[in-house]
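*Asks:* Given next are the chains, with one letter for each unit.
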Amino acid sequence: MSVREAAREVGLRLAAASRLNAALAWSEAALLAEADRVDGMPARGALHGMPIAVKDNLVTTGLPTTCGSRMLAGYVSPFVATAVDRLRAAGALLACKTNLDEFAMGSSTEHSAFGRVLHPLDPERVPGGSSGGSAALVAAGVVPAALGSETGGSVRQPASFCGVVGVKPTYGRVSRYGLVAFGSSLDCISVFGRTVADAALVLAEIAGADPRDATTVDRAPFRPQPASATLEGITIGVPKEYFPPDLHPGVQAACDASLGRMKELGARLVDVSLPHAPFAVPAYYIIAPAEAAANLARFDGARYGARARGDGDVRAMYRATRGNGFGPEVRRRILIGTYVLSAGYQDAYYARAQAVRARIAADFTDVFATGVDFLFTPTTPTPAFKAGEKIADPVAMYLADIFVCSANLAGIPAVSIPIGRFEGLPLGGQLMAPHFEEAAMLAAAATLERHLDGTKEVAP
Amino acid sequence: MNVSEQDVLHMARLAELAVDPDDLETLTVQLDRIVGFVGQLAGAGDLAARVLHPDGPERTPLRPDVVNPAPLARPPSAFAPEFIDGFFVVPKLGVIEDA
Chain A
0 MSVREAAREV GLRLAAASRL NAALAWSEAA LLAEADRVDG MPARGALHGM
50 PIAVKDNLVT TGLPTTCGSR MLAGYVSPFV ATAVDRLRAA GALLACKTNL
100 DEFAMGSSTE HSAFGRVLHP LDPERVPGGS SGGSAALVAA GVVPAALGSE
150 TGGSVRQPAS FCGVVGVKPT YGRVSRYGLV AFGSSLDCIS VFGRTVADAA
200 LVLAEIAGAD PRDATTVDRA PFRPQPASAT LEGITIGVPK EYFPPDLHPG
250 VQAACDASLG RMKELGARLV DVSLPHAPFA VPAYYIIAPA EAAANLARFD
300 GARYGARARG DGDVRAMYRA TRGNGFGPEV RRRILIGTYV LSAGYQDAYY
350 ARAQAVRARI AADFTDVFAT GVDFLFTPTT PTPAFKAGEK IADPVAMYLA
400 DIFVCSANLA GIPAVSIPIG RFEGLPLGGQ LMAPHFEEAA MLAAAATLER
450 HLDGTKEVAP
Chain B
0 MNVSEQDVLH MARLAELAVD PDDLETLTVQ LDRIVGFVGQ LAGAGDLAAR
50 VLHPDGPERT PLRPDVVNPA PLARPPSAFA PEFIDGFFVV PKLGVIEDA
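Here the protein sequences line up with chains A and B, keeping their order. Counted the way numbering that gives the first Met the number 0 counts, the first sequence spans residues 0 to 459. Counted the way numbering that gives the first Met the number 0 counts, the second sequence spans residues 0 to 98.
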């Protein structure tokens with residue numbers, strides 16, 4: 000099949016999947032233009048002609064970038080994100096921009112100004128978030144891989160809900176240039192794939208130092224490793240804080256089955272403790288909103304954003320623009336971020352959250368120093384929940400990220416793979432690794448993937 | 000209550016964010032719940048400082064303090080209605096109209 004024929008097929012699949020509301024911007028003309036561009040390139044790698052969807056908080060010059068917000072409706076960037084640029088240079092097709100929680104703030108993709116994304120297997124449920132559009136398109140078979148972004152688990156959590164692979168690299172492994180900033184010390188471009196191998200191929204292409212992002216690290220290139228026949232010689236830590244007594248029975252059963260299979264494959268399992276893990280979500284919901292409040296100050300109707308009338312006074316214009324342009328979750332986080340940074344509260348909230356973050360990172364360092372290669376945990380505490388179930392209770396929504404946000408606070412890599420289903424809904428298991436150990440982590444994940452039926456119904 | 004309606008209005012002023020009066024009560028309840036939730040960090044115990052990014056080869060490297068132009072798909076003059084002699088022409092403060 001030629002690249003042009005493949006592009007037409009993607010267009011047909013996008014049209015057929017339109018009920019999911021997962022794609023925000025795409026056109027057959029743009030797809031064919033991408034195909035013609037790739038056809039003119041020498042074929043040089045596995046990504047040549049591969050269609051890839053891109054979360055709509057990564058800027059592109061050919062398609063608008065809205066961040067799922069009315070604030071940026073119709074905005075077209077004058078430059079392209081490094082990660083997207085590298086994929087296109089490798090011959091990948093930019094298939095579409097994908098729906099997301101507004102400015103990547105959410106865990107269900109219900110907080111998009113352009114409507115919620117539907118779960119591909121059950122339209123009454125959410126696909127997770129904030130990268131729910133990318134997850135849904137991979138799960139529906141529209142594209143083999145997609146880019147998302149994580150600030151507190153926004154790729155692994157929807158990957159778990161939708162039954163696909165989600166990889167978050169080490170902070171600094173992938174350039175954030177062109178990723179609309181949410182929490183700059185946490186933000187991490189991440190990858191969805193149908194398989195670990197697909198996701199690893201995409202990650203290998205976008206990884207590497209970038210002079211336009213000073214937080215990228217100049218390390219040896221990330222090279223995917225094949226799955227091994229066994230897990231002999233590998234020690235897997237099982238942190239007790241991630242297996243509370245009230246864990247969903249389906250999630251517990253799927254994790255038990257995965258741990259049993261890892262043992263059969265030769266891995267050594269050890270119980271470990273990450274004592275500050277219970278404080279990860281509250282620390283995250285101080286640090287991330289604080290950084291968001293600063294980063295989103297630029298959306299004021301003068302620098303960025305659709306300007307609203309403000310009765311003549313420039314500050315009234317700012318307030319009207321931001322009050323009208325941001326949705327309720329973004330407004331809440333800006334207010335919380337402003338609160339925790341304000342005089343009289345900064346030490347009690349922000350400074351303490353930073354100290355807790357340091358302890359959370361130290362917990363991981365200490366465990367890995369004992370000879371543990373990887374940690375295994377559930378990715379999410381439950382399968383995908385119903386739309387509207389948590390929308391009125393922000394704290395209940397935040398707790399959907401309870402097992403994923405620690406990796407963002409510590410900056411370590413992690414991957415979620417499908418490990419079974421409960422009443423037809425996918426469940427994910429997570430491996431976490433020391434900084435820059437993505438290659439070994441993904442090889443172990445691929446081995447487990449090969450020996451585990453991620454679509455098998457579990458029996459609690 | 001950790002957060003009052005006056006606190007919410009104060010934060011909104013600092014953040015340059017209009018708050019609809021009809022939303023104020025609900026927003027206050029939600030923010031109060033969130034602040035109460037994150038306040039559990041007070042129970043995190045002794046948090047003596049631990050150096051995570053020591054000096055030495057692994058410390059965060061500094062890059063040359065050089066400004067590099069970004070590769071733009073269209074010139075700066077296309078970003079605003081008026082661009083004269085390298086400067087954007089912006090409306091005078093106080094007379095801003097709808098875009």
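It cannot be assumed that every hint is accurate.
If we take Cβ atoms under 8 Å as the criterion, some of the chain A residues that face chain B in the derived model are [claimed, not checked]:
hint: 1; residue: Gln-224
hint: 2; residue: Ile-285
hint: 3; residue: Arg-351
hint: 4; residue: Glu-422
Away from chain A, derived, C-beta distances all over 12 Å, residues of chain B [what the hints assert, rightly or not]:
hint: 5; residue: Glu-15
hint: 6; residue: Asp-19
hint: 7; residue: Ala-43
hint: 8; residue: Ile-83
hint: 9; residue: Phe-86
Hint data in this document are derived by calculation from the structure and do not stem from the laboratory. Small disclaimer: the values here were computed from a predicted structure and weren't measured. We put the CB at the ideal spot given by N, CA and C, even for glycine.
*Asks:* Compare the structure with each hint and give your call.
*Replies:* Hint check:
1. With 8 Å as the threshold, the beta carbon of A:Gln-224 stays out of range of chain B, its nearest partner Cβ sitting at about 24 Å, so the hint is violated.
2. A least Cβ separation of about 5 Å between A:Ile-285 and chain B falls short of the 8 Å threshold, and the interface hint therefore holds.
3. Interface hint status for A:Arg-351: upheld, as the beta-carbon distance to the closest one in chain B is roughly 5 Å, under 8 Å.
4. Taking 8 Å as the C-beta contact cut-off toward chain B, the hint placing A:Glu-422 at the interface is violated, the least distance being around 30 Å.
5. Its closest Cβ contact with chain A, about 4 Å, brings B:Glu-15 to no more than 12 Å, contrary to its assignment away from the interface.
6. Consistency note on B:Asp-19: stated as away from chain A, yet its beta-carbon is not over 12 Å from all of that chain's, at 7 Å minimum.
7. The beta carbon of B:Ala-43 sits about 5 Å from the closest Cβ of chain A, which is not more than 12 Å, so the claim that it is off the interface is violated.
8. No beta-carbon of chain A is positioned within 12 Å of the beta-carbon of B:Ile-83; the least distance is around 18 Å.
9. The beta carbon of B:Phe-86 is kept farther than 12 Å from every beta carbon of chain A, the shortest such distance being approximately 15 Å.
Hints 1, 4, 5, 6 and 7, counting from the list given before, are not met by this structure.
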